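Engineer: Assemble chain B onto chain A, guided by the hints.
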Amino acid sequence: MAFLVLSHVSKAFGQTQAVKDFNLEVEKGEFISFLGPSGCGKTTTLRMIAGFEQPTEGQILLEGEDITFRPPHQRNVGMVFQSYALFPNMTVAQNIAFGLEVRKMDRAKIKERVHEMLSLIQLEDYGGRYPYQLSGGQQQRVALARALAIRPRLLLLDEPLSALDAKIRLELRQEIRRIQQALGITTIYVTHDQEEALSLSDRIVVMNQGQIEQTGTPFEIYNYPQSEFVASFVGQLNLLPVEVLDLSKNICRVAGQEIRFTPTTNSILKTGKVRLAIRPEEIRLGMVEGENLLRCEIASVIFLGSIIRLRVKLGEGILISVDQFNERHFQPPRPGEVVTLHFPIHACWLL
Amino acid sequence: MKRNLRLGLLWSWFWMILGWLYFLLPLLATFLFSLRAKKDTLSFLAYERVFKDPNFWKTFAFSLEIGLITILAGLVLIVPTAYWIRLRLPRLRMVTEFVSMLPFVVPAIVLVFGLIRVFSGAPFYLTNTYLGTNALLVAAYIVLALPYLYRAIDTGLAAIDVRALTEAAQSLGAGWPVILLRIILPNLRVAMISAAFLTLATVMGEFTIASFLVGIKAFGPYMSLVGQNKTYESSSLAIISFALTWAFMGFIQLFSRGRAEAAPPGAH
Numbered sequence: 001m002a003f004l005v006l007s008h009v010s011k012a013f014g015q016t017q018a019v020k021d022f023n024l025e026v027e028k029g030e031f032i033s034f035l036g037p038s039g040c041g042k043t044t045t046l047r048m049i050a051g052f053e054q055p056t057e058g059q060i061l062l063e064g065e066d067i068t069f070r071p072p073h074q075r076n077v078g079m080v081f082q083s084y085a086l087f088p089n090m091t092v093a094q095n096i097a098f099g100l101e102v103r104k105m106d107r108a109k110i111k112e113r114v115h116e117m118l119s120l121i122q123l124e125d126y127g128g129r130y131p132y133q134l135s136g137g138q139q140q141r142v143a144l145a146r147a148l149a150i151r152p153r154l155l156l157l158d159e160p161l162s163a164l165d166a167k168i169r170l171e172l173r174q175e176i177r178r179i180q181q182a183l184g185i186t187t188i189y190v191t192h193d194q195e196e197a198l199s200l201s202d203r204i205v206v207m208n209q210g211q212i213e214q215t216g217t218p219f220e221i222y223n224y225p226q227s228e229f230v231a232s233f234v235g236q237l238n239l240l241p242v243e244v245l246d247l248s249k250n251i252c253r254v255a256g257q258e259i260r261f262t263p264t265t266n267s268i269l270k271t272g273k274v275r276l277a278i279r280p281e282e283i284r285l286g287m288v289e290g291e292n293l294l295r296c297e298i299a300s301v302i303f304l305g306s307i308i309r310l311r312v313k314l315g316e317g318i319l320i321s322v323d324q325f326n327e328r329h330f331q332p333p334r335p336g337e338v339v340t341l342h343f344p345i346h347a348c349w350l351l
Numbered sequence: 352m353k354r355n356l357r358l359g360l361l362w363s364w365f366w367m368i369l370g371w372l373y374f375l376l377p378l379l380a381t382f383l384f385s386l387r388a389k390k391d392t393l394s395f396l397a398y399e400r401v402f403k404d405p406n407f408w409k410t411f412a413f414s415l416e417i418g419l420i421t422i423l424a425g426l427v428l429i430v431p432t433a434y435w436i437r438l439r440l441p442r443l444r445m446v447t448e449f450v451s452m453l454p455f456v457v458p459a460i461v462l463v464f465g466l467i468r469v470f471s472g473a474p475f476y477l478t479n480t481y482l483g484t485n486a487l488l489v490a491a492y493i494v495l496a497l498p499y500l501y502r503a504i505d506t507g508l509a510a511i512d513v514r515a516l517t518e519a520a521q522s523l524g525a526g527w528p529v530i531l532l533r534i535i536l537p538n539l540r541v542a543m544i545s546a547a548f549l550t551l552a553t554v555m556g557e558f559t560i561a562s563f564l565v566g567i568k569a570f571g572p573y574m575s576l577v578g579q580n581k582t583y584e585s586s587s588l589a590i591i592s593f594a595l596t597w598a599f600m601g602f603i604q605l606f607s608r609g610r611a612e613a614a615p616p617g618a619h
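Residue numbers (the numbering used here), protein chains in the order written: chain A, 1 to 351; chain B, 352 to 619.
It should be emphasised that the hints constitute simulated quantities derived from the structure, not laboratory data.
Possibly wrong hints are sitting among the right ones.
To be clear about the criterion: a stretch of chain A counts as covered by chain B if any three or more of its residues have a C-beta under 8 Å from a C-beta of chain B, and this derived list gives those stretches [what the hints assert, rightly or not]:
{"id": "1", "stretch": "67-78"}
{"id": "2", "stretch": "94-106"}
Residues from chain B shown here face chain A by an in silico Cβ test under 7 Å; the list is partial [said to hold, decoys possible]:
{"id": "3", "residue": "A515"}
{"id": "4", "residue": "L516"}
{"id": "5", "residue": "E518"}
{"id": "6", "residue": "A519"}
{"id": "7", "residue": "Q521"}
{"id": "8", "residue": "S522"}
{"id": "9", "residue": "L523"}
{"id": "10", "residue": "G524"}
{"id": "11", "residue": "A525"}
{"id": "12", "residue": "I534"}
{"id": "13", "residue": "P537"}
{"id": "14", "residue": "N538"}
All values derive from a computational prediction rather than experimental measurement.
Glycine is no exception: its CB is placed at the ideal position from the N, C-alpha and C atoms.
Next up, chain A with everything else stripped away, as it sits in the complex (with noise of 0.2 Å):
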C-alpha cells in the first residue's frame, strides 16, 4: 500500500463542490506538486490532508492508518504557509522548538534538534532574532525548519513561495528541493507557478475545478497532456482550428495548408470540436524538407530576453505564438513579411 492514499475524497462548502472525487496514491520520499488556478481545490486538499478541512466523502490514509477526521495536531503532520506564521512574539529558535516543547521533548535534545534545523536552513547565527528581524525569505526558511522539528511524517507546503521576489523565489525553490531530497520526506506542494511545480516535483497533479486533470511526471505532463486545459495551463500552446482530411495518413488542413500530424485515438474526432496543437519553441523559421511547413504572415515580434516571441498570422484570424532562442547574430522579420515556418510532425497532435 501507498505511503499516503486519497481515496475518492470530496468536499463541498454549502452548495459549491470545492474538491471532487479525488483519488491520489503518493509514494514514501516523492515529491508531488498539486497544480492548477486559483480556486481549483488545490489548498482545500492540502487542508483536508493536513487536518483543518474534513472531506464530504472519501478517506485519506496514512502510512495505511485512517486520518481522514483525526484533529490536526495528532497528524504529525508538517506544515508551511504562504504567509509563514511564524510566532511574532517568539525568536526563531523558540519558534523551531515549539513543537519539541509540545511534544514535552527533554531540553537538551531540544537545543540539539533547534542548532540541527538552523544549520539545515543556514541560519546558524540566528537562534536569537525575532521573525520581524527577517527578511521574507528567511522567514519562510525558519518556517520550513519549524515544519520539520518535528519530524513530520508527512510536509505540506501551501504556495510557500507566493509572497518571496523573483530572485529569492528562485534560490528558496532549489532549497527546499536540496532538503527535500536530503531528508527522504514525503512532500505535497501547492502552487499556480507551473515553473516551480515543474522543477521541483518527482510527480504533478494538474486540478482544474475541483477535479484532477492530469497526473503525471513533469515531463509527462509538458509533453503529453492529456486534456486542452493541462496542454495551456502547463506552458504555451497554440491550438489551431483544423479540418481532418485523412485520419488514416494522419493529414489535416489548416487554413488551406496541409499538415500532417502524429497518430491520435478516434475517440477525440468524436468530441467534435478538433484542433491542432503545438508549443510555440517546437515551430523554426525556415524550410526543412519532410516537416511540416506553414506560409505566413509575421503581426509582432517580442523582444524577451533570452527568447523572441513572433506572433504570426495564418489565414483570416489565426495567430500562432513561435518562440525562437536569441542568439547575437539573429535578425528577427519585421512585423508584415511574409515567411515560412517548419516543424517536425511528431511535434503536433490534435486535440
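Structural biologist: Okay, now just chain B, sitting in the frame of chain A:
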C-alpha cells in the same frame, strides 16, 4: 505659494491653541480653585483633607478591586470569544460589533433598573447579599466596558494572522489551551493592556450603577457626595480623578510604545 503655506501653518496653530485652551482652561480654573481652601493663600489643604479622609481610601480600594475583577472576568469572557469569532465565525462579527456597542445606546440607569428587577427576586436573590451585589456590579461593569474591551481585543486580533498562527500551532501538535496561552495571549498583550486600563478608568469614575447597587461604598458615588457637600475638596477630587485617568492613558501609551520601539527601523 510660500505665503499660503505660512498662512496655513498659522491657522493650524491657531486652532490647536484654541483647542488646548478649551480643554485646559476649565481644568486650570478647577485646579486653582482647589488650592484656595485656606483663606487668602494658595495651599494643598483640600488635597490633604481628601487624602486624610478614610472614606476616600476605602471607596478607592473598593472600586479598584471591583475594577480589577471586572478586567479579569471581562478578558476571560471576551478574549476567547473574539478569537473564536475571528477564527471560525467571521460572519458573526457584524452582530458582536453591534452588541458590543449597545452600552452606548442603552443608558446605565436602564441597565441598573433592569438588573435590580431581575436579580432581586426569585429565582436569583443576588441583591440580598454583599457578594451577590458585588457580583452584579462586576457583571454590569463588564457590559459597560464591553465596547472598550471588545474593540481593543478585536483590533489586536486583526493585527495578527489568527488563522495561520492557529493552524501553524495545530500542525506542530498544539491543542487549544497551548494555542491560547502561548500564541494568542502573548500577541494580544498590548491590546489587553489597553482594554484593561480603559475598563479601569470607566469603573473608577462610574456613578449611576454603583450608587444604585452599592451606594457610597464605591468611588464614583463618594466623589459625587463630596462634590455636593464640600466645595474645595470636590475640585481637588476632580483633579485627582483626571490625573488618574491620564495616568492610565499614559500607561497604555508606554506599554504600546515599548513594543514598537523594539523593532529596528526597516525590519518589516
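Engineer: Hint by hint, note whether the structure agrees.
Structural biologist: Quick rundown of the hints versus the structure:
1. With a threshold of 8 Å between beta carbons, the proposed coverage of the stretch 67-78 of chain A by chain B holds, since 8 of its residues qualify and at least three are required.
2. With a cut-off of 8 Å between beta carbons, the stretch 94-106 of chain A has 4 residues touching chain B; three or more are needed, and the interface restraint holds.
3. Taken as an interface hint, A515 (chain B) checks out: its beta carbon lies about 4 Å from the nearest beta carbon of chain A, inside 7 Å.
4. A hinted interface residue such as L516 (chain B) counts as satisfied when its beta carbon comes closer than 7 Å to some beta carbon of chain A; here the least separation is about 6 Å, so the hint holds.
5. Because the closest C-beta pair between E518 (chain B) and chain A is about 6 Å apart, less than 7 Å, the hint holds.
6. Restraint check, A519 (chain B) versus chain A: the minimum CB separation of about 4 Å is within 7 Å; hint holds.
7. Taking 7 Å as the C-beta cut-off, the interface hint given for Q521 (chain B) holds, the closest approach to chain A being about 4 Å.
8. Proximity of S522 (chain B) to chain A holds as hinted, the smallest CB-CB distance being about 4 Å (cut-off 7 Å).
9. Taking 7 Å as the C-beta contact cut-off toward chain A, the hint placing L523 (chain B) at the interface holds, the least distance being around 3 Å.
10. About 4 Å separates the beta-carbon of G524 (chain B) from the nearest beta-carbon of chain A, less than 7 Å, and the hint is met.
11. The beta carbon of A525 (chain B) is positioned within 7 Å of a beta carbon in chain A (closest approach about 5 Å), and the interface hint is therefore held.
12. Because the smallest distance between the Cβ of I534 (chain B) and any Cβ of chain A comes to about 6 Å, under 7 Å, the interface hint for this residue holds.
13. Look at P537 (chain B): its Cβ gets to within about 4 Å of chain A, closer than 7 Å, so that hint holds up.
14. With a cut of 7 Å, the hint placing N538 (chain B) at the interface with chain A holds, because the nearest CB-to-CB distance is about 5 Å.
When the structure is compared with the earlier hints, no violation turns up for any of them.
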